[in-house]
Amino acid sequence: MGTTLLRKVWDAHTVRRLANGQTQLFIGLHLIHEVTSPQAFDMLRARGATVAFPERTVATVDHIVPTRDQRRPFIDVMAEEMLSSLERNCREHRIRMLDLSSGLQGIVHVIGPELALTQPAMTIACGDSHTSTHGAFGAIAFGIGTSQVRDVLASQCLAMDPLKVRRITVTGRLQPGVYAKDVILEIIRRLGVKGGVGYAYEYGGDAIERMSMDERMTICNMSIEGGARVGYVNPDETTFTYLRGRPFAPVGDDFDRACRWWSSMASDPGAAYDDEVTLEAASIQPTVTWGINPGQSIAVGERIPAAGDQEALEFMGFRPGEPLKGTKIDVAFVGSCTNGRLSDLREAARIVSGHHVAAHVKALVVPGSQSVRAAAEREGLDRVFTDAGFEWRGAGCSMCLAMNPDRLEGREVCASSSNRNFKGRQGSPTGRTLLMSPAMVAAAAIAGEVVDVREFAAAEATLGR
Amino acid sequence: MAVERLSEIRGTALPVRGDDIDTDRIIPARFLKAVSFDGLEAHLFEDDRREADGRGGVPHPASNPAYAGAAIMLVQSNFGCGSSREHAPQAIRRRGIRAVLGQSFSEIFFGNSVALGMPCPTASRDTLAALIETVEADPATEVTIDLRSMRVNAAGQAYEISLPPAAREAFLDGSWDATGLLLEHFDDVRAVAKRLPYVTQAW
Ligand code: SF4
Chain D
1 MGTTLLRKVW DAHTVRRLAN GQTQLFIGLH LIHEVTSPQA FDMLRARGAT
51 VAFPERTVAT VDHIVPTRDQ RRPFIDVMAE EMLSSLERNC REHRIRMLDL
101 SSGLQGIVHV IGPELALTQP AMTIACGDSH TSTHGAFGAI AFGIGTSQVR
151 DVLASQCLAM DPLKVRRITV TGRLQPGVYA KDVILEIIRR LGVKGGVGYA
201 YEYGGDAIER MSMDERMTIC NMSIEGGARV GYVNPDETTF TYLRGRPFAP
251 VGDDFDRACR WWSSMASDPG AAYDDEVTLE AASIQPTVTW GINPGQSIAV
301 GERIPAAGDQ EALEFMGFRP GEPLKGTKID VAFVGSCTNG RLSDLREAAR
351 IVSGHHVAAH VKALVVPGSQ SVRAAAEREG LDRVFTDAGF EWRGAGCSMC
401 LAMNPDRLEG REVCASSSNR NFKGRQGSPT GRTLLMSPAM VAAAAIAGEV
451 VDVREFAAAE ATLGR
Chain Y
466 MAVERLSEIR GTALPVRGDD IDTDRIIPAR FLKAVSFDGL EAHLFEDDRR
516 EADGRGGVPH PASNPAYAGA AIMLVQSNFG CGSSREHAPQ AIRRRGIRAV
566 LGQSFSEIFF GNSVALGMPC PTASRDTLAA LIETVEADPA TEVTIDLRSM
616 RVNAAGQAYE ISLPPAAREA FLDGSWDATG LLLEHFDDVR AVAKRLPYVT
666 QAW
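Here the protein sequences come in this chain order: D and Y. Heads up: the first sequence runs through residues 1 to 465, numbered per our numbering. Heads up: the second sequence runs through residues 466 to 668, numbered per our numbering.
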């Protein structure tokens, strides 16, 4: 019987079985940022330990960076202290730091892949739950807590419970105007926000195989919102083509040899899964969340469910049976590690081109990394956005969460390309988030309300995949 | 690292009703802006508390002085979902809570709590409902979680609880010093690194 990628990667990285039944797993790449690492370095110091493999950890700064004025010292003294503390720790322990002046800084889950630090068949850990993003390359990547960041620093290892694998097959073609974001929102809606607890999600099927790496990252990114700590796609030609020539990828003959190893680590045909689920791509609609967790979503043309969770309805101010389309928005946010990559900005730019943001809407585009920002500017996307009345910002997490100056005020409603619509997530305790694809955010920004991007008049001519 | 054995947690309880309470609600992101965990407990459930307390009806349990000295927190299903932030269990632990009993927990929250020495056993939905009702009716009720017999006792009633064997043993023999454990056979760690082509670059 065939073996899954999860099992192969797991076995290749197993140091030993621990007495308690857990596996001691070697971590191939450790990514750190300013929020969850300072306490870990303190714990390390408190035990008098050092960093075991400093060359296997890479740091960047993303959560707290202001996206408008990035001059140092930051105006926010706490943000400045967090960044300085990370810089100090990296210097002291000889860890590579991709800081604001490097030209390579950005959201940790955007820069790992684009620099090819992320590679197939690696184990990757980061003190951030969206580490599942890196699974798009066929890596086993997961979020960890601060004590575990300490453990990886000290030993390059983690004690892990075994994971089951659920194969999620998406077959057929997506309709025009339907994106990877809609696919993952649909998966979470069907399987629930805790359906993936104890599982790694393996995404496959021809719809996934046709997807670009950016799209695969969007899918894997939100695995955690479905309760799965790990989500992955088997590495293939798309993966290898993406990686070739990037800064940390193997070069020359090494690259070809690497491809052979990576291919050998993919799930075998006929591998046994603990569970299997199949979705028809053609049945997926542009999807929008109406509630306070990412599973509370509907197709944009549907009405708010009659049996909707009371707490969510109350918080969001929706009545059962009400259409979602036509909901006024106050803020439009394109960005985050889910949808802050170049292809996301291109899609959004296609929609807004030649239009203007509705008068009552504040709209911003925040590239996921400095490289994404530079590439977008080379294509003139920044002009498309600013001409349409969007703000064009520096790279960072921005309005995905409230740790920098970008945040909602009061009960504002935000059309957001990010990944979490939890109460208070975007900075205001009463602020409301509607998750959707970047194209849908762009259309909402122009219309001033939730619209179906497929019906969005000017978009029609340019849509199509 | 504290390597204290933990087999029984006894004290009053803090009941927090609701499924899918995520870490953004346990500790809103704006309070993560610090380089240490000190003082986090002051902001535990801050936004939920403000919302509930502001309504003027029943205050949020975390604001209710009747539950002030609680050692055990009672929650419902999928508690601690969302962000991986260890700040969430840290804020709970720093408030004096030594165990959280719930119907289910997110994996990352559960792991982070074990790392702090704060067990998160689970019990059935009915058990949690009964316990929460008992404690709400009388906040002085003493609740005992026993990791040896895998029972929780309150007001003369005993209920079954469960905890994965790995976590249970870690508490019973005080061996949750994960770092120490991982460093025990460091030669084996080096051996694994030496056979991974991306580490050696010998593709
Ligand atoms: S963009 Fe959002 S989800 Fe992604 S790492 Fe930053 S804060 Fe986390």
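None of these hints come from the bench; they were simulated from the model. Computed from a predicted structure; not experimentally measured. Misleading hints may appear alongside valid ones.
Below, a sample of chain Y positions facing chain D; criterion: calculated Cβ distance under 10 Å [to be verified]:
(1) Thr-488
(2) Arg-495
(3) Val-579
Facing chain Y, a subset of chain D residues (Cβ under 10 Å, in silico) [claimed, not checked]:
(4) Cys-126
(5) Thr-169
(6) Ile-298
(7) Ala-299
Glycine is no exception: its CB is placed at the ideal position from the N, C-alpha and C atoms.
To see whether the hints hold, each was checked on the structure:
Interface restraint check for Y:Thr-488: the shortest CB-CB distance to chain D comes to about 8 Å, inside 10 Å, so the restraint holds. Interface hint status for Y:Arg-495: upheld, as the beta-carbon distance to the closest one in chain D is roughly 5 Å, under 10 Å. Given the 10 Å rule on beta carbons, the hint for Y:Val-579 holds: about 9 Å separates it from the nearest Cβ of chain D. Taking 10 Å as the C-beta cut-off, the interface hint given for D:Cys-126 holds, the closest approach to chain Y being about 9 Å.
Nearest Cβ of chain Y to the Cβ of D:Thr-169: about 24 Å, over the 10 Å cut. The hint is violated. A cut of 10 Å between beta carbons decides the hint on D:Ile-298: the least distance to chain Y is about 18 Å, and the hint is violated. Against a cut-off of 10 Å between C-beta atoms, the interface hint on D:Ala-299 is violated, since the closest Cβ of chain Y lies about 22 Å away.
Consistency note: the structure conflicts with the earlier hints numbered 5, 6, 7.
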